[in-house]
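Trainee: If you want the building blocks of each chain, they are given just below.
There are 4 protein chains.
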Amino acid sequence: MNSPGRHFLQIPGPSNTPLPILSALAMPTIDHRGPDFGKLGAEVLSRIRNVFQTEQPVVIYPASGTGAWEAALVNTLSPGDHVLMYQTGWFASLWCKMAAKLGIEAEVMAGDWRSGVEADRIGARLAEDRAHAIKAVCVVHNETSTGVTSDIAALRRAMDAAGHPALLLVDTISSLGSVEYRHDEWGVDVTVGGSQKGLMLPPGLSFNAVSQKARTAAAKARLPRAFWEWEDMIAANARGYFPYTPATNMLQALKVALDMLDSEGLANVFTRHRRAAEATRAAVRHWGFETQCRVEAEHSPVLTAVRLPEGHSADALRAEILARSNMSLGNGLGPLNDQVFRIGHLGDFHDLMVTGTISGVEMGLAARGIPHRTGGVLAAMQSLAGNGSPVLDAAE
Amino acid sequence: MNSPGRHFLQIPGPSNTPLPILSALAMPTIDHRGPDFGKLGAEVLSRIRNVFQTEQPVVIYPASGTGAWEAALVNTLSPGDHVLMYQTGWFASLWCKMAAKLGIEAEVMAGDWRSGVEADRIGARLAEDRAHAIKAVCVVHNETSTGVTSDIAALRRAMDAAGHPALLLVDTISSLGSVEYRHDEWGVDVTVGGSQKGLMLPPGLSFNAVSQKARTAAAKARLPRAFWEWEDMIAANARGYFPYTPATNMLQALKVALDMLDSEGLANVFTRHRRAAEATRAAVRHWGFETQCRVEAEHSPVLTAVRLPEGHSADALRAEILARSNMSLGNGLGPLNDQVFRIGHLGDFHDLMVTGTISGVEMGLAARGIPHRTGGVLAAMQSLAGNGSPVLDAAE
Amino acid sequence: MNSPGRHFLQIPGPSNTPLPILSALAMPTIDHRGPDFGKLGAEVLSRIRNVFQTEQPVVIYPASGTGAWEAALVNTLSPGDHVLMYQTGWFASLWCKMAAKLGIEAEVMAGDWRSGVEADRIGARLAEDRAHAIKAVCVVHNETSTGVTSDIAALRRAMDAAGHPALLLVDTISSLGSVEYRHDEWGVDVTVGGSQKGLMLPPGLSFNAVSQKARTAAAKARLPRAFWEWEDMIAANARGYFPYTPATNMLQALKVALDMLDSEGLANVFTRHRRAAEATRAAVRHWGFETQCRVEAEHSPVLTAVRLPEGHSADALRAEILARSNMSLGNGLGPLNDQVFRIGHLGDFHDLMVTGTISGVEMGLAARGIPHRTGGVLAAMQSLAGNGSPVLDAAE
Amino acid sequence: MNSPGRHFLQIPGPSNTPLPILSALAMPTIDHRGPDFGKLGAEVLSRIRNVFQTEQPVVIYPASGTGAWEAALVNTLSPGDHVLMYQTGWFASLWCKMAAKLGIEAEVMAGDWRSGVEADRIGARLAEDRAHAIKAVCVVHNETSTGVTSDIAALRRAMDAAGHPALLLVDTISSLGSVEYRHDEWGVDVTVGGSQKGLMLPPGLSFNAVSQKARTAAAKARLPRAFWEWEDMIAANARGYFPYTPATNMLQALKVALDMLDSEGLANVFTRHRRAAEATRAAVRHWGFETQCRVEAEHSPVLTAVRLPEGHSADALRAEILARSNMSLGNGLGPLNDQVFRIGHLGDFHDLMVTGTISGVEMGLAARGIPHRTGGVLAAMQSLAGNGSPVLDAAE
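Top to bottom, those sequences are chains A, B, C and D.
Going by my numbering, the first sequence opens with residue 98, and the numbers climb by one from there.
Going by my numbering, the second sequence opens with residue 98, and the numbers climb by one from there.
Going by my numbering, the third sequence opens with residue 98, and the numbers climb by one from there.
Going by my numbering, the fourth sequence opens with residue 98, and the numbers climb by one from there.
Rather than coming from a laboratory, the hints here were simulated on the basis of the structure.
Careful: at least some of the hints might be erroneous.
Which copy is meant is left open, so a pair is good if it fits within one copy or across any two.
Below, in silico cross-link-like pairs of lysine to aspartate or glutamate (EDC-like), each with a Cα-Cα straight-line distance of 16 angstroms or less [claimed, not checked]:
no., residue 1, residue 2
1, 317, 328
2, 352, 215
3, 198, 328
4, 194, 329
5, 310, 152
6, 198, 326
7, 194, 328
8, 232, 204
9, 232, 202
10, 310, 257
11, 198, 329
12, 310, 361
13, 194, 326
14, 136, 217
15, 198, 152
16, 352, 133
17, 198, 417
18, 352, 435
From a predicted model like this one, the values you see are computed outputs, not experimental measurements.
Please model the entire structure based on the sequences and the hints provided.
Mentor: Here it is as structure tokens:
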């Protein structure tokens, strides 16, 4: 479909890519062994750490996010190792399946897919594990299938309280650069990130921020690994290079993404996401729908998963909106199939993209005859107005 | 201001430029005397005629639209010639001033800046002119300062009824490619067009579609001209070339613009503009404001000029909206300064850009404390819904 | 023809456009009445002066170079005014024809098309003109049809020696930004420039740098003018804006062009052009051909016009090279038609583009069976080697 | 270094990326679960097969080429499996190291790094292996460190003659799309490819073309795998989608790359590479240097590795050329460090880029005082002239 006007890519990632980033992506590929590349590599390897709030190494893979999941596991674990994985939703469950495929014994702690990681439950489970059989705890910071953000600091406290030495592995693929995150302060051992959400790049780069404890574990971990090997990366990265051909153009674009985040200020970026999320939820409440997330403190700043009333197809609604309004929304995943649709409000956007998005949903609801209270977009506008304007506030 | 998200360029032109057009603009400049250029030139010179609905020559200038105004005058007139110019608004009055500068005696027929050309009045004036002193009638099809579109077919009928041989010169800078227009059928002698509105290009190209009668007049016209000379252009154009260096990259982009218009279909393009205009006016009415245009049949499909209540500054509102919502709106021109703001809804857009735009205005009204009835955006959405969806209709 | 590899655009302009400039051209059009534009306008209007070496106004037209020729004439002259124009070649002769079309009495001082402006001859003619009937002297700095650069400082001295008040109008369309030029120091009254040569932009912008004396003359000049009117431009430019819609995207790109020229340094840019020209001439001499320019001190740094031996078609050679090597060369213009071809070595290029170009010509000569001594490319390489490397020298 | 002119990226990959491909890369990311993506995915998955000359599945990874090496191994092998790897040079030896890291027992058959795979030797070794302990034979089609292309058809014949069931795994990372290759006809089981060489894309995509025999082996292979799992890919690919987020923008660009290859015709592309390679070798011979490859029939069409005389530093030469001529060349790898430099002549190039490249090397040799016979560039030009012109031939 080659519709007029700009496509509204309101899935919860990949997010809308700003033109300066696309423009950097389209600059010619440079020699990845030449001096200009060395400078570029050193710069982005250094500056990406700030996004993770870490002073420890961040490994950058020329691979999409699923690869960084695998990297986190194969660098730290051995065949048959026991890990505890909390199933917040679809993506957490995919990570569990991956662990199983790789020969890891994944103990899945089931969640209700409507709330975040229960730190206390994990703490209790670890406290039971006196033999320290559990080698790692794996959680998803922002569950993209449900729109729930978990409290990683609380999880850290629970693990500390249990006095358990398990590694803490956290997936931030859909939160990195959009939601506050503190790799060092929260004592995370491996943080998994991707390029195509808060970093506003296309998919194709992914990250592992790694603690010293994780590197020590890696020295003993026996899962086979080569492409994902951290230490080869870290060694070559010292001079700004990579052990094999990196995704040169993506790194050129990453530099611009970091410039844009720095220029706005990470704190302002996070505030902007929260405002958009609140406005979106105001619309959803007004329509009379439930969000998939049911814990007020855990609503995601990145996306809102909306539950449709019984008997209405979320996929038909999304198809209607795509055809009518040139806007893509996220689908319901796994058990939420066709019941839920997901509105992304992340990356490069501002208030009018939020209201445009919500108006598109509201017009779609009307067109499909799905009962709702009209005026969600006004509720969103009131929310935005009551929440100050980051632009104007910053100028004061 | 380097705000996040896409800028909403909702001035009544230049319009939002689609990425495929920008991409064509950024392809390397080619040899304007080489064979590839000859093919490109021949193609765009031929295909642009369809946009004017003409089978006669269209001259393409490597200059912005004001230049094509000058070209229309200097090719057809001699020093001291008497012309009749109807002042629909600011742009019509600028064209009058240009005529005076060029040594033409411009008789200005004043309008009220809230309605279109009065064909009957012009017909009456021409009927009086038994000596045929009036060499040309100059009107603006779509007056960008007021949001009024005039009925050119009616004007043609009035001129025919008066049996007057004056040339008919029409400015379509802000209507070309957005509003139905028929150069041949309506017997227009010179149609002036520009690249940066309905053609969705940046500014930098402009057009004269010229009738045989206009060319005959040109043969006798004595205003000095060289850069603007039609016949040099038409002669060189026969083989796809230009008498002097053309704006090569703009022509590369024009080809893509023509592809996009053809792909959507001109009739669908016009319908899309009318829908957007109706939705915008529904919002304006809901807010309780007047449009500058006060004749129902003459509302422009391209832009809506909105009158603010006394005592409120349109410029302060526009500044607020720019800072708050990263959206540019058009200002009030000349006597409408600070009383009127103009909303562009033209070129490359769709429903969500309309509702996003209107929501931005409504949030700005609230922020500035300008009394209005809230819910304009809902009125716009109802208008859009009641007007069918060109996309869906086309698919049926 | 969609040949593999980068097209070598070795015509003497438009020149090869660097990717960062194309990228800036492809950034979305901004509101030409908004605050961001005001900043951009003010910056480029100020910085462009350095390229002309002037502290006086530079008017920027949204039109290609031929328009700026017309602007120089219509702002300073009245119908029937007598001007002295030196015919260095095809482009000088086109300017003469334009003057005649505009109703100016152009006295043409014939040249031999193989050398530059004879300052003494002009001085002598002015000295004769005791009544000061001659209102302006018009010359082309770098004659693009012949590859000859004239000595403007010498012309200034000759005019001063004659004590004649005529204005000095100089076309620098093909030299600006490639060859040293000093508008203020050389006492030029109007310098005409274009975007598509040394400034490395596509065609579509042109310039008039204007002296106070020229502005004083303009106040009395009576040729009709509106689009080209300096004073409307200068007045609006004071705040960074334009009296009518400018070529927004070209101005965005001009900023980047100025950045690139500043980053390299104008003096280094000029040296780079001279090196390329010397290398090219070394090849031409080696082949056994004559350059069209026959005065050693007047060889153009921008292009080299090469004369083929009798009986060989320059156009057939160019067509062969285009088909075989994906390279465009300039044709012979006017009386030089098919006898001369022109090699552009200007704008964004370096040594390998020079040697690549020359090798392409040499392979074409061989393919067409045109007698020549092989090894021109080696002569060019020796010339480049003997001339130092600006890159390496700058680094020392 | 921000030198003027286009960088000559003459490393043996990544290759120079054509602007239409960069432009497609810079089009906004689309929804990887939406209908437009499904069409794109289906198209590129289908059309890529032609480049491999296969009708079997080609798996596309959102990862650079090294990843596809790992994929080939982990999908087909089990821990401790015995494989035979022929060490043609540096890249073959890296693949061996990877196999070892992954827990595979790699039997390395040493080569001399100056010639290709010895099919007979492999055949003999397989014939000895009556127990069929050897599960796979791994070779590199085009060894990028030495400029040697091996004869895969001969290897297939030798394996068949030995009647051995080992899988045949072939790395074509630097030959795919530049050198004739026939996955099906040659009975290859896994062909490993990458995006950044003959496909003219940036790095970031890689490929496994897989035979039915390979898929059958995969069903039993026990090396842990998840990200690299073929069957998940092949299942999702059936409808044009991927099991996890693909590198969307790279796939958009891949479509354009396939268009370009189809438009030129693969056979013409291969001929163009051979011509460039022959011309380059003509220059090297003229200079008096040896190529690293010493078997006439095995010279690579993609790159030429040049041996410098003893006592001269290849790295110092490359640095000189980079500074002086804005050209990157490949370095000597492993034992060839500083003795060899590598000239890439692949991807998007034509004759003038070849001669420009060679002239840059020759100027560098002179500048570094490395003894050589001048005139290599002339030898290259003669070679090109004697080899016909694919462009002209195709037009006949």
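Trainee: Each of the hints needs a verdict: does it hold here or not?
Mentor: Quick rundown of the hints versus the structure:
1. Taking the closest pair of Cα atoms, residue 317 and residue 328 come within 16 angstroms of each other only inside a single copy of the chain (13 angstroms); across copies the shortest separation is 31 angstroms, beyond that limit.
2. In the homo-oligomer, the alpha carbons of residue 352 and residue 215 never lie at most 16 angstroms apart, since the shortest distance is 36 angstroms inside one protomer and 46 angstroms across protomers.
3. In this homomeric assembly, residue 198 and residue 328 come within 16 angstroms of each other (Cα to Cα) only across copies, at 13 angstroms, whereas the closest approach inside a single copy is 24 angstroms.
4. Taking the shortest alpha-carbon separations for residue 194 and residue 329, only the inter-copy value of 13 angstroms comes in at or below 16 angstroms, while the best intra-copy value is 27 angstroms.
5. Only within a single protomer do residue 310 and residue 152 lie at most 16 angstroms apart by alpha-carbon distance; the minimum there is 14 angstroms, versus 48 angstroms between protomers.
6. In this assembly of identical chains, residue 198 and residue 326 lie within 16 angstroms of each other by CA distance solely across copies; the values are 10 angstroms between and 18 angstroms within a copy.
7. In this assembly of identical chains, residue 194 and residue 328 lie within 16 angstroms of each other by CA distance solely across copies; the values are 15 angstroms between and 26 angstroms within a copy.
8. In this assembly of identical chains, the alpha carbons of residue 232 and residue 204 lie at most 16 angstroms apart only when taken from the same copy (11 angstroms versus 35 angstroms across copies).
9. In the homo-oligomer, the alpha carbons of residue 232 and residue 202 lie at most 16 angstroms apart inside one protomer (10 angstroms), although the nearest pairing across protomers, at 29 angstroms, exceeds that limit.
10. For the identical chains of this complex, residue 310 and residue 257 are intra-copy neighbours only, at 15 angstroms inside a copy versus 51 angstroms across copies, given an alpha-carbon limit of 16 angstroms.
11. With identical chains, the CA atoms of residue 198 and residue 329 are at most 16 angstroms apart between copies only, with a shortest distance of 12 angstroms across copies and 24 angstroms within one.
12. Proximity of residue 310 and residue 361 under a CA criterion of 16 angstroms is satisfied in neither setting, with 33 angstroms inside one chain copy and 48 angstroms between copies.
13. For the homomeric pair residue 194 and residue 326, the shortest alpha-carbon distance between copies (13 angstroms) is at most 16 angstroms, but the shortest distance inside one copy (21 angstroms) is not.
14. Neither within a single protomer nor between protomers do residue 136 and residue 217 lie at most 16 angstroms apart by alpha-carbon distance, with minima of 45 angstroms and 46 angstroms respectively.
15. With identical chains, the CA atoms of residue 198 and residue 152 are never at most 16 angstroms apart, being 32 angstroms at best within one copy and 29 angstroms at best between copies.
16. For a Cα distance limit of 16 angstroms, the shortest separation of residue 352 from residue 133 inside one copy, 13 angstroms, qualifies, whereas the shortest one across copies, 24 angstroms, does not.
17. In the homo-oligomer, the alpha carbons of residue 198 and residue 417 never lie at most 16 angstroms apart, since the shortest distance is 38 angstroms inside one protomer and 51 angstroms across protomers.
18. Within a single copy, residue 352 and residue 435 get their C-alpha atoms no closer than 38 angstroms, and across copies no closer than 31 angstroms, so neither meets the 16 angstroms cut-off.
In terms of the numbered hints stated before, the structure departs from hints 2, 12, 14, 15, 17 and 18, listed from lowest to highest.
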